[in-house]
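Protein chains in written order, with my numbering: chain A, 38 to 288; chain B, 15 to 304.
Note that these hints are calculated values from the structure, not bench results. All C-beta atoms, glycine included, are put in the ideal place defined by N, C-alpha and C. Certain hints may be false.
As the list claims (entries may be wrong) - Where chain B lies over chain A, by a calculated footprint (3+ residues, C-beta under 8 Å):
| # | stretch |
| --- | --- |
| 1 | 79-88 |
| 2 | 142-149 |
| 3 | 157-165 |
Unchecked claim - Just a sample of chain A residues kept apart from chain B, beta carbon distances all over 12 Å, derived:
| # | residue |
| --- | --- |
| 4 | P50 |
| 5 | G61 |
| 6 | D127 |
| 7 | E173 |
| 8 | R174 |
| 9 | L192 |
| 10 | P197 |
| 11 | R215 |
| 12 | H237 |
| 13 | T264 |
As the list claims (entries may be wrong) - Examples of chain A residues lying across from chain B (beta carbon under 8 Å, computed):
| # | residue |
| --- | --- |
| 14 | P113 |
| 15 | S118 |
| 16 | L126 |
| 17 | P175 |
| 18 | L179 |
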Amino acid sequence: MSDAARIDRGSDPALLRCERLQVGHSGRALVPALDLELRAGEFVAVVGRNGTGKTTWFRTVLGLLAPVSGRVIARPGLRLSYVPQRIQLDPLYPALARDVVAMGVERGLSFISPRLREPALVHGALERAGAMAYAERPFRSLSEGQKQRVLLARLCVAAPELALLDEPTSAMDAVAEREALSMIDGLRREQATSVLVVSHYLGLVREFAERVVLFDSACETVLVGPTDEVLAHAVFQRNYPRPGGDACETH
Amino acid sequence: MPHSAPTWSELVQGWELGIYREPIYCGLLAGLLLGYLGVYIVLRRMVFITAAIGQAAGMGVALAFFAQIHLALAVPPVAGAVVFALLFTGVFALPLERLPVSRESVLGVAYLVAWAGSVMVGDRISQEAHDISSILFGTAVLVRSEDFHSLLAVGSVALLWYAIGHRGVTFALFDPEAARVQRLPVRLIELTSLLWVALCVSVATRALGVLPVFAFAVIPAVTGLLLFDRLRWVLAAAASLGALAGGGGYLAAFFLEFPVGACQSAVAALFFTLALLARGARAWRSLLPA
Numbered sequence: 038m039s040d041a042a043r044i045d046r047g048s049d050p051a052l053l054r055c056e057r058l059q060v061g062h063s064g065r066a067l068v069p070a071l072d073l074e075l076r077a078g079e080f081v082a083v084v085g086r087n088g089t090g091k092t093t094w095f096r097t098v099l100g101l102l103a104p105v106s107g108r109v110i111a112r113p114g115l116r117l118s119y120v121p122q123r124i125q126l127d128p129l130y131p132a133l134a135r136d137v138v139a140m141g142v143e144r145g146l147s148f149i150s151p152r153l154r155e156p157a158l159v160h161g162a163l164e165r166a167g168a169m170a171y172a173e174r175p176f177r178s179l180s181e182g183q184k185q186r187v188l189l190a191r192l193c194v195a196a197p198e199l200a201l202l203d204e205p206t207s208a209m210d211a212v213a214e215r216e217a218l219s220m221i222d223g224l225r226r227e228q229a230t231s232v233l234v235v236s237h238y239l240g241l242v243r244e245f246a247e248r249v250v251l252f253d254s255a256c257e258t259v260l261v262g263p264t265d266e267v268l269a270h271a272v273f274q275r276n277y278p279r280p281g282g283d284a285c286e287t288h
Numbered sequence: 015m016p017h018s019a020p021t022w023s024e025l026v027q028g029w030e031l032g033i034y035r036e037p038i039y040c041g042l043l044a045g046l047l048l049g050y051l052g053v054y055i056v057l058r059r060m061v062f063i064t065a066a067i068g069q070a071a072g073m074g075v076a077l078a079f080f081a082q083i084h085l086a087l088a089v090p091p092v093a094g095a096v097v098f099a100l101l102f103t104g105v106f107a108l109p110l111e112r113l114p115v116s117r118e119s120v121l122g123v124a125y126l127v128a129w130a131g132s133v134m135v136g137d138r139i140s141q142e143a144h145d146i147s148s149i150l151f152g153t154a155v156l157v158r159s160e161d162f163h164s165l166l167a168v169g170s171v172a173l174l175w176y177a178i179g180h181r182g183v184t185f186a187l188f189d190p191e192a193a194r195v196q197r198l199p200v201r202l203i204e205l206t207s208l209l210w211v212a213l214c215v216s217v218a219t220r221a222l223g224v225l226p227v228f229a230f231a232v233i234p235a236v237t238g239l240l241l242f243d244r245l246r247w248v249l250a251a252a253a254s255l256g257a258l259a260g261g262g263g264y265l266a267a268f269f270l271e272f273p274v275g276a277c278q279s280a281v282a283a284l285f286f287t288l289a290l291l292a293r294g295a296r297a298w299r300s301l302l303p304a
């Protein structure tokens, strides 16, 4: 196994804890075991080149894949919400954008109880995500960037304690991406939502994230630590070299 | 003596005598019910599940006969049909997405297995084989009262489940991973929804036959999807058009003297064609300069 460096640890009770978590497919680990604790109000970015196992790790943390070894322990009753990497949603499904946002309200068996009117939260979330203009449009007719805004509005409606976002802004332009991450950061500050986001835009990672998890499959390394320390680490420099030799900004 | 075309007075007379009442009611009910459920079937990309459930039910009937003849077990054939339809449907609630093949392919394999199984078992009970089709497949011309009431009972409970669970069913269908993350019981929702589909399809097939049931479960749903962009309107349109096809198809068959199931399917297909034309016209208008 490689070095799985742990650079910092806080004292708050964890919302979610990965203990010696190894992820992969068919029992074969993609990355070394990782320990990680997520506490309320943290903004943690997950970075790494394509194919390093970020998404597999992410989906394992979400409980969508079984770990190869180790475990994920979530605080009982933890409110999670998820924005998927690509728009994996059914392109045939007939729903307006605001119908999709309203799905964020559901939790457990809440769908059984009657709801005669759409919650006012939906309207507010659409406003907040800058998606109000197309609230009444069919979701399937929206551009990929617009769909991502709608999914971010769904995330707001869910009022999660822990928000997990897998490249949530990959179809947005740079301005929209900054707006989206500012919105997510606002959620974190206002509601103490803990944010775990996979992103390739290192400029925004540096700006918003307090901690970074760096995946490097070539060296079989996972680094976890404060953003400045990870981005200055030799492993990071090796993954994102500037033409002159320093780490570069990528998107 | 020249053949005279059927008249309204003959229809009214037959209605008053109770000959046409239950077949028409049954057509309306099956159209409404399967039109509604069909939207979920089409959105799940499982349109052939209706035909496949019929085939599984056939295998259940054949095995029930086999048990009666060779094992001296008194298994009611209809119970065999329902149990096999439910078992078969249960397969599709398994996590098939983990397999490197499409759900449609698994559906094809299951259909062929049920078909081959019923032929093989049927070969050992040849003296009873003719009963399999009469037990399984009704004719929409004359519907037995007990079949209509069974459909009414099963259909009411199925619609109640879909009405109560609507938000969960749609969330689990649209974005199952996010639904799981938000702790919805996605697998249970999926299983329950499919089991209701299996029950409704097997009971409706018993009452009306394979063709109209397959048609009601597919055509009105596709028509609704062509016409509307919001699920609640798609469901309303599919249920309404299904009911119209069920009732209208019976009347068309009466006056035009065609087989009932085929006529009901043709009326549903007519609505589909009109919806297709309407959609085409809408697309054409959008291309014109304002």
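Handout entry: Given as non-interface: A/E173, which should sit over 12 Å from chain B by C-beta
Key = violated, 10 Å
Practice task
Classify the hint on A/L179 as holds or violated, based on whether any CB of chain B lies nearer than 8 Å to its CB.
Solution key: violated, 12 Å
Exercise for the section: Would you assess whether A/L192, listed as outside the interface, keeps its beta-carbon beyond 12 Å of every beta-carbon in chain B? Expected result: violated, 9 Å
Handout entry: Least C-beta distance between A/G61 and chain B, which was stated to exceed 12 Å
Key = holds, 15 Å
Handout entry: Per-residue hint verdict: A/S118, partner chain B, C-beta under 8 Å
Key = holds, 7 Å
Exercise for the section: With a C-beta cutoff of 8 Å, work out whether three or more residues of the stretch 157-165 of chain A approach chain B closely enough for the coverage to hold. Expected result: violated (count 0)
Handout entry: Restraint check, 8 Å cut-off on beta carbons, for A/L126 near chain B
Key = Hint on A/L126: holds, closest Cβ of chain B at ~5 Å, below 8 Å.
Exercise for the section: Check whether three or more residues of the stretch 142-149 of chain A sit with their beta carbon closer than 8 Å to a beta carbon of chain B. Expected result: Coverage by chain B holds for the stretch 142-149 of chain A (6 residues, Cβ < 8 Å).
Problem - Distal placement of A/R174 relative to chain B, Cβ over 12 Å - result: At roughly 8 Å from the nearest Cβ of chain B, A/R174 sits no farther out than 12 Å, so the non-interface label is violated.
Practice task
Please verify that hint: A/P175, Cβ, nearest Cβ of chain B, below 8 Å or not.
Solution key: holds, 4 Å
Problem - Within 8 Å of chain B's CB atoms, at least three CB atoms from the stretch 79-88 of chain A: coverage verdict - result: violated (count 0)
Handout entry: A/H237 remote from chain B - nearest C-beta pair above 12 Å
Key = A/H237 clear of chain B: closest Cβ-Cβ about 21 Å, beyond 12 Å.
The structure fails to meet hints 1, 3, 6, 7, 8, 9, 10, 14 and 18 from the earlier list, while all remaining hints are met.
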